[in-house]
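Model the placement of chains B and C on the given structure of chain A, informed by the hints.
Chains as they are written, first to last, in the numbering used here: chain A, 1 to 297; chain B, 1001 to 1289; chain C, 2001 to 2275.
Don't read these hints as lab results, they were simulated from the structure. Computed from a predicted model, the values in this text were never measured in an experiment. Some hints here could point you the wrong way.
What the hints assert, rightly or not - Rough simulated footprint, nothing fancy, chain C against chain A, three-plus residues with beta-carbon under 8 Å:
1. 109-121
2. 124-131
3. 239-252
Cβ atoms here follow ideal geometry from the backbone N, Cα and C, with glycine treated the same way.
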Amino acid sequence: MKPIIKAENLVFTYPGDEEQKPVKALDGVSFEIPEGSFTAILGHNGSGKSTLAKLLCLINLPDRGRLWIDGREMTADDVTEAEILAARREVGMVFQNPDNQIVATIVEEDVAFGCENLGLPPAEIRRRVDEALADVGMTEFARNPSYKLSGGQKQHVAIAGTIAMRRRCVIFDESTAMLDPVGRREVMDIIEKLNHEEGITVLIITHHMNEAARADRILVMNGGRIIADGSPSAVFGEPERMWEAGLDVPQTTEFAYKLRELGIKVPLDLFDPADCAEAVAKAVLEKRGGARREAGS
Amino acid sequence: MNAIEMRHVSFAYGSAKNGPTAKKALDDISLAVESGGITGLIGHTGSGKSTLVQMINGLLKPDEGEVLLDGVNIWAEPKKIRQFRFKAGLVMQYPEYQLFAETVAEDIAFGPKNMGLEKDELDRRVREAARFAGLADDLLQKSPFDLSGGQKRRAALAGVIAMRPKILILDEPAAGLDPAGRRDILGGIKRFSRESGTTVLIVSHSMEDMAMYCDDIIVMAHAKILMHKPTAEVFSDWEQLASVGLDVPLITRVAAALIENGVDIGRDVYTVDYAVGKVRELLGENPES
Amino acid sequence: MKSDITFGQYVEGNSVIHRLDPRVKIVISLVYIVAIFLAKSVTAFILLTVSSAVFVVMTGISPRLILRSMKPLLFIIIFTAVINLFFMTGENPVFEWRFIHIYREGIINACLIVLRIVLLITATSVFLTYTTTPLALTDALEQLLSPLKKLHVPVHEFSMMMTIALRFIPTLIDETQKIINAQTARGADFTSGGLIKRGKALVPILIPLFISAFRRADELATAMECRCYTGGEGRTRMNTLKSKPKDWVFFFCILLLTAGIVLLNIFFPLYTVLK
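Next up, chain A with everything else stripped away, as it sits in the complex (with noise of 0.2 Å):
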C-alpha cells in the first residue's frame, strides 16, 4: 500500500543558549508508514520519540533530510504554505495530557473546533459532530463541561475531534500516560477500533510495553535513531536490545526468555497470558515427562 507518510534522514536539533548546549533530538531517522497501518514507537524519555511526532505534524520541520506526507514532499523549496495546512488536515495528534488540548468549554463545541477551522458548512460540523460523539461513545456528554469528565473521557473527547475531521492518520504521543489502567484500556480500545474498523493509520508513542504489543509494527528509537523496526514478535523477541535501550519486554516475553535459559523452549512472542500459559505448560509437562522416562529406563 502506498506510504501516508515517508521519511529520510530526518535531521533535527534544538537550538541552545548560553547555558545549553544545542540538542541533537533526531540524527537520521528513516521510515515508511503504509496507509491503514498501526505502529508503536518505543524509546526512553529524551529517545527523540515526542520530536519526531511533532516533525510528522508539521509542527516543526526538519533541519535536513526529506519528509512526505500523502506523496507531496513537505520539505521541497517550493512547497507552499497552503500545502503544509492542507497536509495538516490529514495527520493529527492527540497529547499526552488531557488538560492542554481541550479548547471549549462544551464537549460537542470542542469537538467541532477542528472542523470549524477547516471552514465547513455548520450544518456539516454538527452532523460529523454527532457521529464522531457517537463513535467514541460520548454522546451522553455531548452538552457537557469537559472539565467534570475523567482524563480517560477528555481524551476521547480530543479522539472524536481528529475522526469528525475526518484524518487519515492519527498521532497518539503517549496519550495513555496519565491516565488509570481503566482509561488506558478504553483509549487503547478506541485507537484499535479506529484502525481496525475506519482504517486510520495509526501512530503510538508509549512506555507501556503491552500497548505496544497490540500494534503491527514497532520502531525502537535510542539516541534519535532507530534501533530497530519489525513486528512485536521480532522486536520482543530480542529482549537483550530492549533492556540495553532502557526499555521493557512484556512480562510474558521475560518469562518465557528466563525459561529458555533453563533450557524450556517456548516462544517469546506470546503476549497473551494464556497463549502463553498453554506453550510454558506444554513444554514443562513434556520436559517433566522426559525426565521421569529417563529416571524409569
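Here is chains B and C on its own, set in the frame of chain A:
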C-alpha cells in the same frame, strides 16, 4: 508500635457532607501499618485512596474517628498539626510541578526551613536527601527548571526526604516515566526505606511495580478497605481483585492460566523471577543451583 | 442534557428570558439601561419598577438572590443617597438645623437615584449575568461586534481569548488547590505572620502556578495549531445564533416601553426633578 493507625475514620467532602445524597469518601476505615517496610495502596480512581493519603498527613481532618502516627492522635491539638505534616512526608502526583525556588538546593531546603532548621543542619539535610534521591551534587546549584523530567521528579522527592519524615507517602511516584526511570525512582525509594528505616506508603495503579517493590498491600474499594495483606496473598486472590475492577500483574495471569493447564505453579506468583524459580522447582531442580 | 457552568453568577433555569437569543439580550439590556436613564418623572419610574418586577418574575429567580447582588454596591447606593439628600437645594424646605437644609426635592431625588441604581442592577442581572452563561455572552458579543472586523478590530481574537480563559478557570482553580496542598505538606504556613510574611508565603504557590500556566498555554497553542487553527479567517461555527420570532417580540416590547417612558416624561411630568 504501628507507624500509622486509623480507627473508624469516616470522611465526606464539603458538598457531599450532608443531605440525603451524602457520599462518603472514607467509610469507617480502620487500619494499622507497621513501622519500616513498604506498603502499597491500590484501588480504582475514586475509591478513596487520595483522601486516605491526605488524612494520614493531616491535610484533611476526619469527620469521625482517629488518625494516629506512632501511637499519637494527630488531631489531639489541632494547632500542632504542622509537626505531623513533617512526620508524614507527602509526595503528590507529578511533584515536579511544585518546584519554585531559584536553585535545586533552595527548593529541597524549603521543608526543613519551615521546620525551623538553620544553616549547617540545613546543608547537611539537603545533601543527604539529594543523595537518597539520586541527584548528583553539581545539580544542586542549578535552577530546578533546567533539569530533565526525571531529575525534576527526584528533586521534588528530595524536598520531602529532607524533612526526614518517619513516614514517606508517595502518590504515583513513577507516573509518566519510562521503564528505566521507573526502576531508578522506585529502586531509590526502596533503598531509602531500607537504609533509613522509614515507613513508606506508595499509591499506584501499576500492579507490576507494586508487585516488585511492596511488602504488603492495602486494597481500597468504594471508600472501604477490601483487604490488607502481604503482597503475595493479595495477588493470589485475583478473583476478588477482579470483582472491584483491579488487575493483577501479567505474570500472575500467566500463573493462573498455567494452573488451568495442569501445571501447579501456585497462586502466589507475582514476579517473573519467582515464577521462574517455581518452574525450576516443578522440574525438580534445586533453585539455588 | 443540561450544562452546569457553576462559575460566574449564572443561575440554572429554563425561563423565556433564559432561552432568549443572547445577542438580543445584550441589545435589550442596552436599550433598557437607556430607558432607565431617560426616566425623569415619578410616573416613568413607576412604569420601570413594574416592568422590572415582571421580568424578575419571568426568570423564576428568587428576588432575594437579586437583592444579594446589590450588597457589594450598598456603600455607593447609600453615599449617593446621602449626597442628594443634603446637598440638593429646592423651594420646599422640610427640615432646617444650623447648616443642614433638607428640601422635598432632595428627598425625592435621593429616592429616585437609589431606585435608578437598583433598577440598573436588576436589569443587568435579569438579562445578562443571571440568565446567560459567560460562554453564550462571549459568542453573542463576537457576532454582535463582527462588523467591526472590517475596521481591523480583533473581535475574533478577543472572543477566542475569552473562550479559552473561561475554559481554563476550573483547571487552574484545581491546580492551585493541588499546589497549596503540596506546599502545605512541606510545612508552608499561609495563615500566620504579618502582611509581608504572608505575601512571601505566596511565592511557593504563585511561581509553580505561573510556570504551569505558561506550559499549558504552550501545549494548547501547539494543539490548536495541530487542529488547523489559523485565526479567525475562513473559520465557520457549528452553533450560529439564530433569532426566533419571540426574540423580536421581546425586543419590540422593550422599545415600546422606552417610548412610553419618554411620553410619560413629557405628558405626566409628576415631580420631574432629576437633573
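Status of each hint after checking the structure:
1. Counting residues of the stretch 109-121 of chain A whose beta carbon lies closer than 8 Å to any beta carbon of chain C gives 11, which meets the minimum of three for the stated coverage.
2. Here the stretch 124-131 of chain A counts 3 residues with a CB under 8 Å from a CB of chain C, which clears the bar of 3, and the coverage holds.
3. Counting residues of the stretch 239-252 of chain A whose CB lies closer than 8 Å to any CB of chain C gives 0, so the stated coverage by that chain is violated, three being the minimum.
Hint 3 alone, counting from the list given before, is not met by this structure.
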